[in-house]
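S.K.: Take a look at the letters that make up each chain.
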Amino acid sequence: AQSVAQPEDQVNVAEGNPLTVKCTYSVSGNPYLFWYVQYPNRGLQFLLKYITGDNLVKGSYGFEAEFNKSQTSFHLKKPSALVSDSALYFCAVRDIRYGQNFVFGPGTRLSVLP
Amino acid sequence: NAGVTQTPKFQVLKTGQSMTLQCAQDMNHNSMYWYRQDPGMGLRLIYYSASEGTTDKGEVPNGYNVSRLNKREFSLRLESAAPSQTSVYFCASSEAPGMGEQYFGPGTRLTVT
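Chains as they are written, first to last, in this note's numbering: chain E, 300 to 413; chain D, 466 to 578.
No wet-lab data here; the hints were simulated from the structure. All residues carry an ideal CB built from backbone N, CA and C; glycine is no exception. Any given hint could turn out to be false.
As the list claims (entries may be wrong) - Selected chain D positions facing chain E (in silico; Cβ < 8 Å):
{"id": "1", "residue": "506"}
{"id": "2", "residue": "508"}
{"id": "3", "residue": "523"}
{"id": "4", "residue": "555"}
What the hints assert, rightly or not - No farther apart than 27 Å at their CA atoms in a straight line, the calculated lysine-lysine pairs in the DSS-like style are these:
{"id": "5", "chain 1": "D", "residue 1": "536", "chain 2": "E", "residue 2": "348"}
{"id": "6", "chain 1": "E", "residue 1": "321", "chain 2": "E", "residue 2": "368"}
{"id": "7", "chain 1": "E", "residue 1": "348", "chain 2": "E", "residue 2": "321"}
{"id": "8", "chain 1": "D", "residue 1": "479", "chain 2": "E", "residue 2": "348"}
{"id": "9", "chain 1": "D", "residue 1": "522", "chain 2": "D", "residue 2": "479"}
Stated by the list, open to error - Pairwise CB distance ranges (calculated):
{"id": "10", "chain 1": "E", "residue 1": "339", "chain 2": "D", "residue 2": "548", "range": "22 to 28 Å"}
{"id": "11", "chain 1": "D", "residue 1": "542", "chain 2": "E", "residue 2": "367", "range": "41 to 47 Å"}
{"id": "12", "chain 1": "E", "residue 1": "383", "chain 2": "D", "residue 2": "519", "range": "35 to 41 Å"}
{"id": "13", "chain 1": "E", "residue 1": "363", "chain 2": "D", "residue 2": "534", "range": "38 to 44 Å"}
{"id": "14", "chain 1": "E", "residue 1": "339", "chain 2": "D", "residue 2": "472", "range": "19 to 25 Å"}
{"id": "15", "chain 1": "D", "residue 1": "535", "chain 2": "E", "residue 2": "316", "range": "45 to 51 Å"}
Just chain E, same shape as in the assembly (with noise of 0.2 Å):
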């Protein structure tokens, strides 16, 4: 099974508007949760990360993040988004089948319209 899902491929918002990227998750025991972006022809950069304490993360660029257990989600938000935030999102799990490595979804392009 899965260990991470992103249920959109792609997500448009237009500028100034709210943005949510969706991030699912299903391991056991307590979840360790990440948020990558990548743009184009770059490597990954680390957005923010929840491993223990308060539910709502806040990260790099404005972005922040809730993690809800009940829900088994860890959606990624920014209250106004940016053209410049146009980009590919990768949420990110710890899966203890592979040691203490993480995996990761499939990615979201977040596309932001002027």
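Got chain E; can you put chain D on it based on the hints?
M.R.: Using the frame of chain E, we list chain D on its own:
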């Protein structure tokens, strides 16, 4: 600080040829990783090295070998390339496995014909 560097950036191989992808990090990280990225599949872990002197298989290790040459360097070898290994390969490093964020290199785009 260069972070994580990878060579080469691009490579075209014929089926059956071999090559080694090189990766180096200058952040004194203990753990290093090799992933492949294919459209619609996200990143899949090929091999990882939790610390210098150790290597372990990830999700898709078949057809690959790795060497953790020292704390800085982690290479990935394709002994006999196949078209199914056409992909973008990323190296990453982290202070320790499991909790810390990973830092990624710029990637190697490999085509096997």
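S.K.: All hints, please: hold or fail.
M.R.: Checked hints:
1. 506: holds (6 Å)
2. 508: holds (4 Å)
3. 523: holds (6 Å)
4. 555: Holds, because the Cβ-Cβ distance from residue 555 of chain D to chain E comes to roughly 6 Å (cut-off 8 Å).
5. D/536 x E/348: Between residue 536 of chain D and residue 348 of chain E the Cα gap is close to 25 Å, so the pair holds against 27 Å.
6. E/321 x E/368: holds (14 Å)
7. E/348 x E/321: holds (15 Å)
8. D/479 x E/348: violated (40 Å)
9. D/522 x D/479: Given that 27 Å is the threshold and the Cα spacing comes to 25 Å, the pair holds.
10. E/339 x D/548: 22 to 28 Å: Given a distance of about 25 Å, which is inside 22 to 28 Å, the answer is holds.
11. D/542 x E/367: 41 to 47 Å: This hint holds: roughly 42 Å between Cβ atoms.
12. E/383 x D/519: 35 to 41 Å: Holds: the Cβ-Cβ distance is about 40 Å, inside 35 to 41 Å.
13. E/363 x D/534: 38 to 44 Å: holds (39 Å)
14. E/339 x D/472: 19 to 25 Å: Holds: the Cβ-Cβ distance is about 20 Å, inside 19 to 25 Å.
15. D/535 x E/316: 45 to 51 Å: holds (49 Å)
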